[in-house]
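With chain A fixed as given, assemble chain B onto it according to the hints.
Just so you know, the sequences run in chain order A and B.
The first sequence: position 165 = 165 (the numbering used here), numbered continuously.
The second sequence: position 129 = 129 (the numbering used here), numbered continuously.
Hints were generated in silico from the structure; no laboratory data involved.
C-beta atoms are modelled at their ideal positions from N, C-alpha and C, and glycine is treated no differently.
What you were told as hints is all true, and nothing was included just to trick you.
If you only want the chain B side, here are some residues facing chain A, beta carbon under 10 Å, derived:
{"hint": "1", "residue": "Arg218"}
{"hint": "2", "residue": "Arg247"}
{"hint": "3", "residue": "Gly249"}
{"hint": "4", "residue": "Asn265"}
Computed list of chain A residues with no C-beta within reach of chain B, every gap over 12 Å:
{"hint": "5", "residue": "Asp15"}
{"hint": "6", "residue": "Glu25"}
{"hint": "7", "residue": "Thr44"}
{"hint": "8", "residue": "Tyr45"}
{"hint": "9", "residue": "Val57"}
{"hint": "10", "residue": "Pro70"}
{"hint": "11", "residue": "Arg81"}
{"hint": "12", "residue": "Asp82"}
{"hint": "13", "residue": "Pro106"}
{"hint": "14", "residue": "Pro208"}
{"hint": "15", "residue": "Arg227"}
{"hint": "16", "residue": "Leu235"}
{"hint": "17", "residue": "Ser280"}
{"hint": "18", "residue": "Leu361"}
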Amino acid sequence: MYSHLLSEFTVQRMDDRCIRCQVCERQCPNEVHEYDKELDRMFTYEEKCVGCQRCVVMCPAKALFVRSHPSEYRMNASWTRDKFQNLKKQAETGGVVLTGSGNDKPYRIYWDHMVLNASQVTNPSIDPLREPMELKTFIGRKPDTLKINMDGDVPKVESELHPNITLKSPVLFSAMSYGAISYRAYKSLAMAAKEFGVMFNTGEGGLPVEMRKDYASNAIVQCASGRFGVDQDYLNSAAMIEIKIGQGAKPGIGGHLPGEKVAQHVAQTRMIPQGTDALSPAPQHDIYSIEDLSMLIYALKEATNYEKPVSVKIAAVHNVAAIASGIVRAGADVVAIDGIRGGTGAAPLATRDNVGIPLELALASVDRRLREEGIRSKCSILAAGGFRCSADVLKAIALGADAVYIGTAALVAMGCTLCQKCYTGKCAWGICTQNPYLVKRLNPEITSQRLVNLLKAWSHELKEMLGGMGINAIESIRGNREHLRGISLEEWELNVLGVKGAGE
Amino acid sequence: MIPEKDIDNCGLFGVMDTSGRRFGGEMAVNAIKNMKVRGNGLGGGFAIYGLYPEYKDYYALHIMYQDKNMSAKRKTEELLTENFYVVYDEEIPTNPEINVFSPPLVWRYFVKPQKKSEEAHMLDDEYVVSKVMHMNTEVEDVYVFSSGKNMGVFKGVGFPEEIADYFMLEKLYEGYIWTVHSRFPTNTPGWWGGAHPFSMLDWTVVHNGEISSYGTNRRFLELHDFYCTLHTDTEVMAYAVDLLMRRQGLPIEVVSKIFAPPMWNAIERMNKEEKELYTTLRMVYAPLLMNGPFTVVIAHHNEMIGITDRIRLRPITAGAKGNLVFLSSEEMAIRRVCPDLELTWTPAGGEPVVARLNTEDHLKSLNKSI
Chain A
1 MYSHLLSEFT VQRMDDRCIR CQVCERQCPN EVHEYDKELD RMFTYEEKCV
51 GCQRCVVMCP AKALFVRSHP SEYRMNASWT RDKFQNLKKQ AETGGVVLTG
101 SGNDKPYRIY WDHMVLNASQ VTNPSIDPLR EPMELKTFIG RKPDTLKINM
151 DGDVPKVESE LHPNITLKSP VLFSAMSYGA ISYRAYKSLA MAAKEFGVMF
201 NTGEGGLPVE MRKDYASNAI VQCASGRFGV DQDYLNSAAM IEIKIGQGAK
251 PGIGGHLPGE KVAQHVAQTR MIPQGTDALS PAPQHDIYSI EDLSMLIYAL
301 KEATNYEKPV SVKIAAVHNV AAIASGIVRA GADVVAIDGI RGGTGAAPLA
351 TRDNVGIPLE LALASVDRRL REEGIRSKCS ILAAGGFRCS ADVLKAIALG
401 ADAVYIGTAA LVAMGCTLCQ KCYTGKCAWG ICTQNPYLVK RLNPEITSQR
451 LVNLLKAWSH ELKEMLGGMG INAIESIRGN REHLRGISLE EWELNVLGVK
501 GAGE
Chain B
1 MIPEKDIDNC GLFGVMDTSG RRFGGEMAVN AIKNMKVRGN GLGGGFAIYG
51 LYPEYKDYYA LHIMYQDKNM SAKRKTEELL TENFYVVYDE EIPTNPEINV
101 FSPPLVWRYF VKPQKKSEEA HMLDDEYVVS KVMHMNTEVE DVYVFSSGKN
151 MGVFKGVGFP EEIADYFMLE KLYEGYIWTV HSRFPTNTPG WWGGAHPFSM
201 LDWTVVHNGE ISSYGTNRRF LELHDFYCTL HTDTEVMAYA VDLLMRRQGL
251 PIEVVSKIFA PPMWNAIERM NKEEKELYTT LRMVYAPLLM NGPFTVVIAH
301 HNEMIGITDR IRLRPITAGA KGNLVFLSSE EMAIRRVCPD LELTWTPAGG
351 EPVVARLNTE DHLKSLNKSI
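One chain only, chain A, in its complex shape (with noise of 0.2 Å):
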């Protein structure tokens, strides 16, 4: 442990009501509890605590509490707590301070500071208990025009259409890697979405063998720039292929999946030595150009046999509108971006917190400038990073996103509370650890329903929303900021957005 840190959480424990049962040393993985048999008397190590409050809600006696630890440095608006901490730490080792989860800063969210509309008197709401909610939505590029055959009674499609994938409601599972989170939560991931019918995406930890066949149809697949688990059974065995280029926790910066969580599975599922360091570079080594990129999203095409559509993930970065049209004109068929509130497993602090712009930016630009370019239509938008709930998903979509990618709140439906030490692989929710005796916390048939769930109290959400506006197609509000006010916004921040001020 490190010296002179503070302890960030104080662990209370109300010795009236502790049974002494042990569970609270059994659940955590930071050993912060200690029984002593002699004694009959359980110790604690609080500065080993990260905060997950597992041992809280495990506690059948209810007897602990942990809170933010009481004690202060002298006020310092400057020196604030964690940049204190964190420079002790930085004085101690010499390394690159880590951390999991998404950016915690207090930057303006953006989807908190606009309000959606409702109809009143002259266009009626429409209720969506009683009146059919559509939130069907296509993912993939479209034709400008239709060509359509008029001989004979029934008129019949001439176009040739891209090929799409169906999403019974805009919300699908963000990339996270088989070997980052544990078999379990991947496993409850992919039957959810399955259940449910939306995606879950694999990220660059591939796909392991026995799930292809029954997942396959719900499965976006990754190749990014370490090519783990790829081959030509894994690209045909997923509904869509995603290319990594970015993402919003580490814009610019690679993947490291620790050699201790390679274990055997994961190792052969990623296809590389177990136990090894899974090291995913930063720029993918045969991409320096636009026509690289359009080489490789052909080449992906080829090997797919033209069946799947090709998205791109960029991170939401300060050229964002350019690069997305790029993308486009590449020839993908999607463009999924993921802004400064992208969650991670494990990401230097200083990229996380300070690398990229909030999404909702980087997708107004992106949207306005395919438009203006005339080729919105040629390429779907997933919109990602830090989705909170239904109202954002909402927001998004009437920014011009078509659908939305969410992570961690996914994985908070699952148990996680986001202590930020996805990195250590001692996820005591078993979500984000390979090791066995924490991942066995998590039971998939379980899991996985209170995923489904959450689909299905945002697709009520999304429904009542929509009702509200007398909207009952969840394509009528893509793209539609008429339906958007912003609230304590600047006039840049408006016009970046493309909405009007509240009022207006």
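For chain B alone, kept in the frame of chain A given last:
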């Protein structure tokens, strides 16, 4: 007597003689008067087809100069002589005894395209659309009411019968289709260009309801170079019709399924071919789904079409007698002008009633009506 309250439904009416016989405006004016409570005196207008047989080969531009802005007129006429051969022009006659709110100067021009070499490849219709779009978006205080051949739109701020009297429609004009609308767009500022019908080339649209998908529709149309300038939702319908029916050649039977498609659960129950067709239409033309309550009467040469939204929040009534086909917000308005109707029916949501010259196509929607 008009009740003292805000009435929220527009009144609309259309009548067509499917034999092509031209007739005066009496039916249209009387029918819309019968729905006076649906109007608010802030907007009304008429579209008439078969209007200018003597100039039928020329585009008839009805151009409004707001605040009678003569410099806008000079500028517009420079544009017109630069881009068109103008064979005849005149102020549209109005009745000085009729008081209407702040009338603009309205002029009509009969023109033929005068294309420059770089525009030689453009079809005449495309050429006219681009010039009309240019005038509507770039020239201040100018708005083109209508731009089709052998047809015209007359509209303004007032009750429709006042607009009819102002332009002396009943005295001066005859046509084989008359459509009319009685109310100003609900949530938009009142001005002469903003009243219905909306038009592009010979397409006109009168609309009752509100299109909540306006923003989505508008942005899709912009991809196809249609720019909405009128601050009202009906405009998207006129451009969407022009895009799908004229440019892309889709028949109204298909277009109606784009505007008001069947629900997904209905599509699921269709046979393979229909399922493929309807799924593809919804996929590709999703941004042109017209959401929210609407009834529209769309007209162009040889055709008058009525459609309601897919859950029929704004129903429409159809009626027929002999060669006459009627579409109206209310059955009573039809009966007022044709007491001995042979047939009336209320079509299902999204099911178009299509009246075509020399056919009985309108009867096809009967078996799908209630």
